[in-house]
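S.K.: Chains as they are written, first to last, in the numbering used here: chain B, 1 to 292; chain A, 1 to 548; chain L, 1 to 320.
One or more of the hints may lead you astray.
[As the list claims (entries may be wrong)] Distance condition first, Cα-Cα at most 25 Å in a straight line; then the derived DSS-like pairs of lysine-lysine:
| hint | chain 1 | residue 1 | chain 2 | residue 2 |
| --- | --- | --- | --- | --- |
| 1 | A | Lys371 | A | Lys193 |
| 2 | B | Lys111 | L | Lys312 |
| 3 | L | Lys63 | B | Lys138 |
| 4 | A | Lys193 | A | Lys467 |
| 5 | B | Lys138 | A | Lys371 |
| 6 | A | Lys185 | A | Lys348 |
| 7 | L | Lys63 | A | Lys371 |
| 8 | A | Lys198 | A | Lys156 |
| 9 | A | Lys511 | A | Lys215 |
| 10 | A | Lys348 | A | Lys290 |
| 11 | B | Lys65 | A | Lys215 |
| 12 | B | Lys65 | A | Lys193 |
| 13 | A | Lys371 | B | Lys65 |
| 14 | B | Lys111 | L | Lys22 |
| 15 | A | Lys284 | A | Lys215 |
| 16 | A | Lys290 | A | Lys275 |
Rather than coming from a laboratory, the hints here were simulated on the basis of the structure.
So you can see what is in the structure, the chains are spelled out below.
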Amino acid sequence: MLHSKTRDAVIFQIGLTIFLSLILLTILIPFWRVIVTAFIPLDIYTREGVPFLLPPTQWTLEAFKQLLGHSMFPRAAWNSVVITLLGTAISLALTVPLAYGLSTRNFPGRKLIMTLVLFTYLFSPGLIPVYLLITGMKLTNNYLAIILPPAVSVYNTLVMMSFFEGLPEELKDAARIDGANELQLLLYIILPLSKPILLTIGLFYAVYFWNEFFTPLLYLNDNNLMPLPVLLRNILISASFNEYVEYDAFSSASLESLKAAGVLITMIPMFLIYPWIQRYFTRGTLVGGVKE
Amino acid sequence: MKNWKMMFVVVLLVLSQILAACAPAATPTQEAAPSAATEAPAQPTAVPTATTPPEPVDITLWAQATVTEAGAPPDDWIAYQIIHDELNINLTYVIVPTGADGEAKMNAAAAANDLPDLMQMVPANEDRRGALYQMVNLGLLAPVEDLMPLMPERVKTHYNDQFAINLVTFNDHQYGFPEVPPLPKREGLVIRKDWLDKLSLAAPATTEELFNVAKAFTEQDPDGNGKNDTYGFGGFLNGPGFGTRFDFIFGAYGLPGVWNFTNPSNFGLNVRDEKYPEAVAYFKSLVDAKVIDPDWPTLTRDDFRARWKQGSFGIMWEDFAALTNKSNYTPFDENFPDAEWIPLPAPKGPDGDAYYGVFTGRGNIFAVSQKAADEGKGEAIARLLEWIATDGYYLLGFGQEGVNYVLDANGNISTEGIAKEKSWNSPEMQPFTQLRNQLIFYNSPTEIAARYPSYQTINGRTMEPTKFLDFFQNQPWVEGRGVQVILPPDNAADFNRFYDEGLIQFALGQKELNDETWAEYLAGLDALGGADYAASAKQALIDAGLLK
Amino acid sequence: MRVKTLTIPPEVRSTNRFDFRKLIRSMWRQRWLYFLMTPTLIYFAIFKYGPLWNAQIAFKDFKPLLGVMDSPWVGFKHFETFIHSFYFTDLMTNTLIFSVAKLVLGLPLAVICAIALHETWSVRFRTFVQTMIYLPHFLSWVIMFGVLLVILSPGNGLLNTIIERFGGEPIAFLTSPHYFRWVVILSDIWKETGWSTILYLAALLAISPDLYEAAAVDGATPLQRIWYISIPGILPVIVLVTLLRLGHILEAGFNQIFVLYSVPVYSVGDILDTWVYRQGILQFQFGLATAVGFFKGVIGLALILSANRLAKQLAQQGIY
């Protein structure tokens with residue numbers, strides 16, 4: 001894309017680059033330390049803790065090996081994938097129609113539905129009422145107990161609604177004149193144009209489900225169903241309580257390394273997915289709908 | 001179109017997982033139909049029949065794991081098979097997380113009246129008897145005194161302490177199984193002997209000497225590395241006030257712990273005693289002189305342990321196993337092969353008092369849900385527990401003989417000839433003995449010899465963990481098991497915060513420590529109901545027959 | 001850019017009395033809309049309002065054996081316990097300070113970063129920064145505590161080493177009531193800003209490039225472009241996010257504070273949720289936590305309504 005390279009514009013770019021680089025540095029420096037912690041050999045860690053700079057020649061994969069080699073790891077990772085995919089699919093399937101509906105400018109009952117939805121955002125009942133509902137529905141030990149209660153986030157719904165509202169009205173009118181009903185309008189016109197927001201909200205849901213440890217811990221009793229974050233949480237907080245244990249379950253990597261490695265492992269999928277999503281985050285995705 | 005393929009895949013995934021998740025896995029979540037109605041207080045089960053019933057009984061056990069991070073035993077664990085075949089029980093062992101997560105899970109299940117058949121009390125604040133009491137009051141637990149005669153061997157080894165049984169008895173019914181507490185009095189003071197030697201100091205015996213030694217450790221570079229990176233003391237907060245790990249300081253003034261058990265006629269909060277502010281002042285002097293690692297208010301246990309292994313401080317309070325057991329000591333040993341920790345006796349205060357701390361004797365408590373009793377599972381539960389204490393003892397505690405351990409000539413556990421990764425104390429075998437700290441071990445000499453064996457350090461010294469244990473156990477401790485009958489006040493969060501916050505503020509110098517401010521602190525405690533709390537605590541002790 | 005107000009369809013409003021048939025007709029015209037929304041509305045009824053029905057235990061002395069319906073009423077007892085508790089004002093102050101500071105400092109920063117990214121010419125640089133900037137969001141606070149300890153520890157922490165080298169006294173950031181709040185606020189901003197920029201970036205991308213081209217033709221400077229096109233373009237999202245965050249103003253970040261706080265900083269760090277945690281969870285007080293949830297909701301509602309009115313006046317944006 002052509003940019004007019006006026007002097008002002010170039011100075012502006014330089015300013016931007018400096019600003020963003022500073023932000024990047026602030027983000028990365030502590031983050032770097034976490035990475036180093038994940039790779040640090042046990043003897044160096046015991047001797048001097050984690051230095052900020054460690055030459056990569058001394059890096060070790062012990063922590064990762066121990067985690068990935070954990071007997072439950074493959075199973076837990078698979079469970080996480082299932083929960084995330086299932087959860088994201090269900091969440092999006094429920095969120096999109098509501099967001100789209102609410103974005104329609106005037107129809108009877110919009111205000112009522114909006115109020116009902118917003119009410120649930122403000123008044124969140126908390127752990128016990130939800131738990132009572134789930135056990136009442138006999139959904140304990142079932143993935144649906146983890147997925148359904150948080151499936152529609154009002155925050156995500158309203159953000160998505162805001163995007164749909166921003167779509168040019170002429171587009172919708174043109175389609176309506178052509179005889180399309182709302183469903184066809186949504187599926188064939190609105191959604192293809194809404195890739196950025198769908199991907200964004202989908203990402204939000206996916207990250208939520210991927211990282212969720214508390215509800216699985218609460219509702220699942222079968223160890224074979226436990227997702228990855230539960231496994232990692234057990235490692236993360238375990239030593240604080242294993243007072244009366246004479247043996248470490250992990251002996252060749254320090255606990256700090258394991259925690260750091262665990263966090264990094266959880267991050268890898270997001271790290272891989274986001275660039276893929278970014279392809280869709282290009283300018284003017286909306287252009288081309290209405291040609292005069 | 002791509003979209004349709006995607007949708008198809010998603011729908012397929014959705015269906016498959018709904019089916020998979022709904023299908024009852026190995027977990028039987030639904031118990032048999034409840035039998036006839038209960039009369040309150042509930043009748044425990046009938047006398048067991050001579051023949052085992054034809055249908056296996058499903059029992060769900062919720063308990064913590066000894067090594068949380070190692071995970072649960074696999075579905076094909078031989079113990080499950082044996083329990084099924086020999087006891088006619090389908091056992092489901094659900095691991096309850098440690099800490100607040102586990103407590104949330106237990107509380108939620110209690111709220112939904114969906115408690116498992118046999119469960120461990122898992123409150124995050126370790127007040128297990130309090131949690132038991134609450135659940136009994138809610139009518140969720142069944143009396144178990146009729147089950148005790150069904151497990152004679154287990155009662156002999158595990159439930160032989162009448163005091164503990166009294167603790168879990170309410171309204172003349174016993175509501176829990178009080179397991180044997182972990183080794184009592186197992187923590188204590190230790191000091192770096194090599195640092196003492198380097199600085200030509202004697203081991204301190206009084207609080208004053210302790211201060212001077214700590215100062216020397218901080219300022220005189222005892223590890224000889226030329227850097228000013230050592231501290232005298234290290235510790236972290238663990239419990240009310242300054243926690244149990246600094247209790248030796250208050251013990252030197254005769255006032256360890258929260259309650260005054262040293263002087264039963266004068267029972268009350270220790271902070272009311274006139275010597276308490278002196279003890280706080282002593283602690284403050286340590287902080288002011290910077291001889292204590294300044295992160296002590298925020299450190300977690302992990303961080304603390306990492307630090308002593310890095311040689312950050314020379315005096316500390318530690319659990320004997322966490323210090324001396326081979327897997328825990330080895331990283332330190334590799335760092336400092338010439339270092340040596342020796343135990344330190346309780347330092348004497350200005351008036352000659354000396355206590356290590358308060359012995360509270362808290363142990364695990366298991367309970368049976370009222371629902372399970374109503375369904376007639378009590379007898380099966382007793383059978384299970386008895387088996388665990390007899391035939392199942394070695395299997396659940398150590399593994400299979402010949403595979404994970406061998407018994408030597410004296411009947412002691414040994415790993416002679418066992419492959420390293422199969423040995424009972426290897427990381428790989430941890431999932432198979434997750435119940436050992438919960439239901440199996442009762443501190444028998446065999447166990448102690450097996451769990452805390454002697455070994456050689458890198459420079460050839462013999463390290464004997466049991467020596468440390470003996471030393472600690474022989475120190476003066478205050479008998480404070482009565483603390484278990486004391487129930488927290490209604491405004492526990494506020495009271496505890498005020499109690500803790502005030503003390504820490506004095507120690508850190510956030511608030512000046514003088515007679516006036518101390519009086520204000522005590523007055524504040526009273527304003528939050530301190531006097532009533534102490535009075536009801538005293539009454540609870542009297543009612544339990546622990547105080548006259 | 002749309003003006004967001006609810007307009008009542010003229011068909012319904014025109015007559016003075018309620019015209020039933022016109023209403024039915026207009027509903028029929030929109031029937032697909034209702035059809036679309038029905039599954040989600042059913043979901044709401046079950047999974048959002050179902051628990052709200054159970055939440056009546058906030059007004060009851062809930063007994064598991066009696067269930068929600070049969071447990072006795074106690075009215076506002078839990079609320080009173082909570083509001084009259086010793087530290088109530090402390091807790092409210094701390095909660096609000098954290099929440100407002102995180103909003104006021106964090107949101108603008110996220111918007112600025114998004115705009116900066118959007119304006120960058122180099123696609124490679126932009127992609128690189130974009131991919132890195134959100135990573136801290138995935139670090140759990142337990143890990144972060146370790147990192148913060150290393151940086152802020154008064155013993156050997158990085159910052160204090162630097163301070164000492166300049167001749168200063170080491171500061172115990174994590175345990176000092178003076179600094180703790182800043183530690184919490186800044187570390188949260190550090191962790192979450194990158195993630196928040198994702199949303200604003202997506203919003204910026206939805207602005208039609210035609211507008212930017214027209215501006216370029218008119219000779220607008222970058223700053224003018226930002227002020228007249230970018231910001232108004234994403235204003236709906238900004239206002240929406242602000243309103244929603246105000247609705248949850250009493251959520252100050254339990255996970256973070258629980259890991260970072262300690263007794264010395266209770267006075268500045270203890271928030272509603274940590275208090276509820278210590279009080280409610282320890283004593284089977286099932287109704288208390290629910291009551292606090294209600295309380296938070298009421299405050300959030302009041303805030304969102306007033307803020308909505310303000311936003312409508314100032315920026316012609318709003319939820320209603």
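S.K.: Between Lys348 (chain A) and Lys290 (chain A), does the CA-CA distance stay at or below 25 Å?
M.R.: holds (22 Å)
S.K.: Run the distance test for Lys371 (chain A) versus Lys65 (chain B): straight-line Cα separation, threshold 25 Å.
M.R.: Violated. Lys371 (chain A) to Lys65 (chain B) sits at ~44 Å, over the 25 Å cutoff.
S.K.: Is it true that the CA of Lys185 (chain A) sits at most 25 Å from the CA of Lys348 (chain A)?
M.R.: holds (19 Å)
S.K.: Given the hinted pair Lys198 (chain A) and Lys156 (chain A), is their Cα-Cα distance within 25 Å?
M.R.: violated (51 Å)
S.K.: Check the hint pairing Lys138 (chain B) with Lys371 (chain A) against an upper bound of 25 Å on the C-alpha distance.
M.R.: holds (17 Å)
S.K.: Sort out whether Lys215 (chain A) lies within 25 Å of Lys511 (chain A), counting only the CA atoms.
M.R.: holds (24 Å)
S.K.: Starting from Lys111 (chain B), check that the Cα of Lys312 (chain L) is at most 25 Å away, please.
M.R.: Between Lys111 (chain B) and Lys312 (chain L) the Cα gap is close to 16 Å, so the pair holds against 25 Å.
S.K.: Take the C-alpha atoms of Lys65 (chain B) and Lys215 (chain A), compute the straight-line distance between them, and say whether it is at most 25 Å.
M.R.: Violated, because 43 Å separates the two Cα atoms, which is more than 25 Å.
S.K.: Given the proposed pairing of Lys63 (chain L) with Lys138 (chain B), does the C-alpha separation stay at or below 25 Å?
M.R.: holds (20 Å)
S.K.: Taking only the CA atoms, is the gap from Lys290 (chain A) to Lys275 (chain A) under or equal to 25 Å?
M.R.: Holds, at roughly 23 Å.
S.K.: Would the hint linking Lys63 (chain L) and Lys371 (chain A) be met if the CA-CA limit is 25 Å?
M.R.: holds (15 Å)
S.K.: Next pair to validate is Lys111 (chain B) with Lys22 (chain L); report whether the Cα-Cα distance is within 25 Å.
M.R.: Status holds; Cα separation ~18 Å.
Violation of the numbered hints given earlier is confined to hints 1, 8, 11, 12, 13; the remaining hints are satisfied by the structure.
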